[in-house]
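Q: Residue numbers (this note's numbering), protein chains in the order written: chain A, 1 to 246; chain B, 1 to 246; chain C, 1 to 246; chain D, 1 to 246; chain E, 1 to 246; chain F, 1 to 246.
Among these hints, one or two may not hold up.
To be verified - According to the in silico footprint, chain B covers these stretches of chain E (three or more CB under 8 Å from chain B): (1) 120-132; (2) 141-155; (3) 160-171.
No lab work stands behind these hints: they were computed from the structure.
Just so you know, even glycine gets a beta-carbon here, dropped at the ideal spot from N, CA and C.
Number of protein chains: 6
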Amino acid sequence: MMKPTLTTPLELAPLLAFGAHPDDVEFGCGGVIVRETSAGRAAHLCVCSRGEAATHGTPAERTAEAEKAAQLLGATLEFVELDGDAHLEIRAAHAIKLASVIRRLRPDILLAPSLEENQHPDHFRLGRLVRDAARLARYGGVAELRGSAAHAISQLFFYALTPESEPADVSPVLIDVSSPKIMEAWTAAMEAHASQTRARNYVELQLTRARLLGLRAGVGHAIALYPNDALVLDSLAQLSRGARLF
Amino acid sequence: MMKPTLTTPLELAPLLAFGAHPDDVEFGCGGVIVRETSAGRAAHLCVCSRGEAATHGTPAERTAEAEKAAQLLGATLEFVELDGDAHLEIRAAHAIKLASVIRRLRPDILLAPSLEENQHPDHFRLGRLVRDAARLARYGGVAELRGSAAHAISQLFFYALTPESEPADVSPVLIDVSSPKIMEAWTAAMEAHASQTRARNYVELQLTRARLLGLRAGVGHAIALYPNDALVLDSLAQLSRGARLF
Amino acid sequence: MMKPTLTTPLELAPLLAFGAHPDDVEFGCGGVIVRETSAGRAAHLCVCSRGEAATHGTPAERTAEAEKAAQLLGATLEFVELDGDAHLEIRAAHAIKLASVIRRLRPDILLAPSLEENQHPDHFRLGRLVRDAARLARYGGVAELRGSAAHAISQLFFYALTPESEPADVSPVLIDVSSPKIMEAWTAAMEAHASQTRARNYVELQLTRARLLGLRAGVGHAIALYPNDALVLDSLAQLSRGARLF
Amino acid sequence: MMKPTLTTPLELAPLLAFGAHPDDVEFGCGGVIVRETSAGRAAHLCVCSRGEAATHGTPAERTAEAEKAAQLLGATLEFVELDGDAHLEIRAAHAIKLASVIRRLRPDILLAPSLEENQHPDHFRLGRLVRDAARLARYGGVAELRGSAAHAISQLFFYALTPESEPADVSPVLIDVSSPKIMEAWTAAMEAHASQTRARNYVELQLTRARLLGLRAGVGHAIALYPNDALVLDSLAQLSRGARLF
Amino acid sequence: MMKPTLTTPLELAPLLAFGAHPDDVEFGCGGVIVRETSAGRAAHLCVCSRGEAATHGTPAERTAEAEKAAQLLGATLEFVELDGDAHLEIRAAHAIKLASVIRRLRPDILLAPSLEENQHPDHFRLGRLVRDAARLARYGGVAELRGSAAHAISQLFFYALTPESEPADVSPVLIDVSSPKIMEAWTAAMEAHASQTRARNYVELQLTRARLLGLRAGVGHAIALYPNDALVLDSLAQLSRGARLF
Amino acid sequence: MMKPTLTTPLELAPLLAFGAHPDDVEFGCGGVIVRETSAGRAAHLCVCSRGEAATHGTPAERTAEAEKAAQLLGATLEFVELDGDAHLEIRAAHAIKLASVIRRLRPDILLAPSLEENQHPDHFRLGRLVRDAARLARYGGVAELRGSAAHAISQLFFYALTPESEPADVSPVLIDVSSPKIMEAWTAAMEAHASQTRARNYVELQLTRARLLGLRAGVGHAIALYPNDALVLDSLAQLSRGARLF
């Protein structure tokens with residue numbers, strides 16, 4: 001099967017979101033994906049296991065759920081094999097494999113799980129691998145990557161799947177996802193992972209977090225992203241909103 | 001003398017920058033002011049002493065320097081009396097006085113010196129007073145402010161006058177000030193404070209800092225601002241630049 | 001009028017909670033107060049202004065609301081005059097005044113607003129004054145306090161009125177307030193401050209925060225407190241619950 | 001040989017303490033183990049090497065020392081083979097192996113070395129593996145663990161073997177170990193590691209640390225533990241002691 | 001009475017240590033003072049109250065104790081009146097008064113209590129005032145200081161009176177005070193404050209802290225100082241000792 | 001080929017600097033190396049790859065550049081094979097290999113890249129391996145190291161190759177490298193890596209950083225080092241310079 005690329009000519013450069021398990025992107029930042037795809041940006045999800053170590057759901061079920069959810073987010077989807085669910089390790093070969101995905105898709109923006117360690121060990125390890133991959137993708141001499149042109153992304157944002165995994169030392173950027181259309185699509189994409197949501201109130205967790213950020217920002221719901229590198233802006237024109245309602 | 005207001009109908013809401021001494025805004029974030037005024041945004045500088053405790057320069061000289069510098073930045077200027085240079089204290093009355101300035105000018109964006117304490121004591125105290133003033137300006141029942149309508153700003157950014165005063169726990173936003181026109185106006189505004197620049201290489205300090213940030217961001221020069229509240233954005237569209245050249 | 005004391009013989013030593021405004025204790029940690037009073041512990045609220053600078057509500061209305069709310073919490077209430085709403089300053093005389101309240105009531109546990117500065121300036125200043133007062137209350141030679149016996153509290157906990165004022169450098173202790181009776185009394189006490197809740201969704205803010213903590217802890221709702229000093233325990237017997245549901 | 005289990009019916013759920021070397025638990029938190037076992041709680045030590053890379057002591061000697069020390073602490077003991085002393089690596093297989101120990105023993109409370117990196121590399125790596133193992137133990141689908149029922153612990157506490165390895169970003173809980181009986185048993189258990197204590201004053205290091213914490217807490221000696229997850233409590237009843245003597 | 005100066009021509013520039021109470025310097029860093037005076041450096045103690053709010057000791061007794069202790073440290077002593085014990089406030093006038101002391105004595109090195117707030121409120125306030133005073137002492141235009149020549153110190157070190165007041169965000173420098181002569185003089189100077197040491201084991205607290213640092217550094221005893229500004233050195237020649245025994 | 005040793009009897013104990021790529025030591029702390037070698041201290045560079053993954057320069061070219069640069073710094077050089085450029089992993093075997101280098105050369109001071117993760121992944125991984133290696137080098141029982149005598153270094157300093165990799169939680173020590181002779185040699189050593197400097201302005205980045213530190217310290221140029229362990233000093237004699245010009 002030919003691997004997907006994102007070559008459709010678009011005004012907005014594509015976005016590439018990594019998840020360690022089939023539902024990570026949806027729960028962690030699904031609303032942001034919808035926000036971007038509904039504005040015409042191409043988004044691609046790269047999922048690094050079939051969730052085979054979870055208490056509920058078979059790999060086949062979870063694959064189907066991920067495909068349905070990606071569609072609801074307006075995104076394309078691929079699976080990349082690393083060490084398997086609950087077995088992910090930090091290996092240079094993994095970072096290089098992810099770098100090859102980056103080179104193929106040539107996104108501007110990457111999304112990856114945050115680096116805080118008190119969460120599922122696959123999450124923060126994937127976050128580290130993606131961060132390293134973003135660097136390796138731009139080095140010209142990595143032997144395994146020689147077939148593809150070097151590519152420098154513009155920004156890597158981390159998303160947090162739980163309150164415990166919110167980075168303590170990076171200021172978040174809150175993305176307003178209040179529009180009913182976005183909220184509906186995001187909620188549907190989370191609920192598409194029915195094998196998981198049956199067991200625990202993951203959806204309520206994420207909606208409560210988003211509502212709390214929304215209350216702070218004076219909007220309906222918001223999702224926090226954590227930039228890996230300092231934001232660079234041309235002026236203050238885009239920055240005149242702050243979360244200071246209370 | 002009638003106190004200035006910023007009522008000119010503009011598309012961009014006005015910006016209000018506070019400095020403890022006549023040269024603080026210029027040295028700390030002058031390039032950002034130029035960037036905004038050259039885009040048509042009204043900017044007003046509120047200076048809270050005449051710099052009368054400095055080793056060099058009389059209050060009269062420093063007032064004249066500040067007026068010249070403000071003009072070079074494209075900004076208007078006023079002086080507010082608090083406790084005097086090197087004598088600033090944290091008093092509720094000062095915060096309320098600054099809140100009345102905010103209510104009169106009704107800016108979207110505030111700029112103030114950072115809160116880190118290892119710098120001139122007037123700097124971080126003014127930063128705190130401005131932060132508190134931004135809150136008090138929106139409370140309806142403060143007796144001293146009753147004549148004016150409550151006003152909620154959108155965002156408060158801190159600027160750092162020295163490397164030591166850069167906040168350690170807030171992620172900076174880098175504003176690209178590389179355009180030659182901006183750099184010229186900023187440099188001229190700093191050099192307008194001739195009584196100060198004769199004694200120490202303040203200008204070199206700021207240009208070295210801005211060049212270092214520029215190198216990191218892959219541009220000529222940049223200035224770091226530190227948001228007081230989480231940034232709220234409608235989408236990722238404005239965020240696809242990160243400082244990751246090296 | 002005779003000032004209140006807490007001399008009823010009780011097995012549990014009394015609790016003393018300080019608020020800068022008539023509704024601070026209720027919004028910040030009202031559920032904890034209910035939890036303690038419903039277990040038979042005496043609780044006393046010490047409110048340091050009449051909320052006269054707020055946009056809504058007269059001092060008389062707010063006093064009445066506070067009295068009703070305290071009753072709903074099962075607590076007694078007194079007002080202490082410091083500098084007035086929105087005018088609080090850090091003064092040794094204030095800390096000594098609060099120390100005299102501590103000496104009169106002789107509590108084991110103190111509750112006070114957190115010290116994070118990005119909130120209403122009265123909040124963090126009161127938190128600092130209470131922390132200092134707890135120290136001064138035990139020093140035998142403070143002239144203004146000579147009429148009363150020195151008293152050492154056992155622990156000071158801070159509560160956070162907003163997400164922004166949650167301490168970043170102290171690990172929270174989560175108090176389970178899930179029982180319907182507690183939640184009802186807490187909610188009623190918050191809603192007793194009708195002049196404030198009409199204007200903004202403060203109640204939703206607090207219930208959303210408590211639900212989010214409850215989700216993390218695997219209970220209904222929880223409130224976070226931040227100890228000023230390291231917890232000292234006799235054994236691990238009381239510590240075998242952690243917030244690790246997700 | 002049949003692997004040990006902790007099935008004795010007890011009111012207090014069992015405690016499981018991990019050490020990278022035969023003396024780690026004794027030096028890092030031995031007094032806490034004594035405190036718990038003398039209250040009737042079952043405690044089990046899981047040691048992950050024979051200390052074969054140390055300057056002093058053969059594996060056989062160190063095994064014997066560990067067995068004697070465990071007995072003095074009132075705990076049972078087993079050795080688990082990972083990579084060997086000074087060779088420990090972060091591998092998913094190790095975390096899964098430790099998860100199988102957790103599933104077999106089904107403890108409420110785990111103890112593990114802290115995560116700070118400036119200490120023996122085996123220490124912080126084992127701390128990470130235990131933290132990850134505690135998560136994996138509750139996931140139903142991990143293939144290697146299928147024979148055993150999933151188990152969720154209640155709390156994981158880290159202990160610090162040296163001042164350098166005390167976590168900087170977690171508030172400690174101080175356990176009072178002042179009782180002479182506890183101090184005697186703890187000291188004896190440390191001295192049972194005679195091959196190590198001959199070479200360096202490890203015992204003095206730990207007793208000095210415990211005395212310093214005791215002075216702060218107003219007791220004889222105390223040991224600091226660092227919870228991995230926020231403490232959840234039913235009320236303030238257990239929290240009315242704080243370390244605030246000076 | 002003529003105020004003391006430190007004009008004796010010495011190879012080592014004088015050291016000036018500030019304390020809020022008569023015993024602060026002795027308990028916080030007395031060993032360092034002895035170390036320096038025994039090497040021929042002039043040291044001067046500036047004490048900012050008579051300890052009149054303490055539970056034990058009259059101002060007259062405490063003055064006599066301080067004089068005896070200073071002599072044991074080999075230091076001169078003066079008292080400066082600010083607001084009185086337990087009443088210290090942050091006022092510009094205080095910082096300027098302390099700046100005038102700095103200008104008179106012209107030290108290279110300043111010592112002051114640390115800035116951490118969870119300690120006696122006079123301690124951290126004095127630390128802030130000294131830090132600000134060190135800045136004001138070098139500004140030429142401060143009206144109150146016009147009679148004296150501006151003076152720039154070289155380094156300000158903070159000392160911590162308790163473990164709670166050790167700065168969390170500054171790396172300490174450990175001064176080896178192991179020589180028996182130093183330890184004897186330091187201990188004697190602490191015990192000279194007999195009114196205080198009768199009531200609590202302050203001496204044991206400090207000796208335990210110093211021994212713990214000594215154990216870490218592989219020496220007998222050490223005292224931690226916390227530099228306010230980055231250390232500047234000509235080479236690595238002086239830096240080849242680190243606290244890495246365990 | 002016989003491996004190099006540093007047995008020349010010298011007054012100053014030798015220094016050993018590790019780099020992940022052929023130019024890391026030169027860019028990160030070359031000026032410090034020159035400072036030390038020009039004072040007669042032996043310095044040895046241990047480079048852990050040939051830079052074969054970089055966009056520019058062949059391994060042969062880069063080896064030659066490194067040899068020339070080491071000569072300009074007055075240092076000797078060796079290459080150690082680990083996993084290869086862009087492929088470095090944290091393995092116990094690597095730390096042991098580096099420990100064997102430490103045992104052979106028996107340095108007092110180590111230099112290694114900082115541990116901050118947002119940089120080239122080889123950098124922080126090498127920093128961790130060197131830190132662990134410094135510990136393992138002093139343990140007597142590590143089987144692979146049995147042929148060589150245990151060795152305890154005195155201090156490990158980290159250097160930062162970029163602003164992003166400067167440690168946030170360690171106070172830096174600034175080494176004054178202002179002498180023209182040092183600056184010339186350092187600059188020449190950086191420019192010796194011509195394959196790299198052609199592509200990006202690495203030299204300007206480092207000189208700008210050093211000038212900014214120099215401005216703060218009141219000297220020409222300075223380089224920041226970050227000690228791994230608390231500095232231990234005999235007195236304050238070497239510490240009377242602080243970076244407080246502004």
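Q: Does each hint hold? Answer for all of them.
A: Comparing the hints with the structure gives:
1. 120-132: Holds: 3 residues of the region 120-132 of chain E have a Cβ under 8 Å from chain B.
2. 141-155: Result for this restraint: holds, n = 4.
3. 160-171: Answer violated; 1 residues pass the 8 Å Cβ test.
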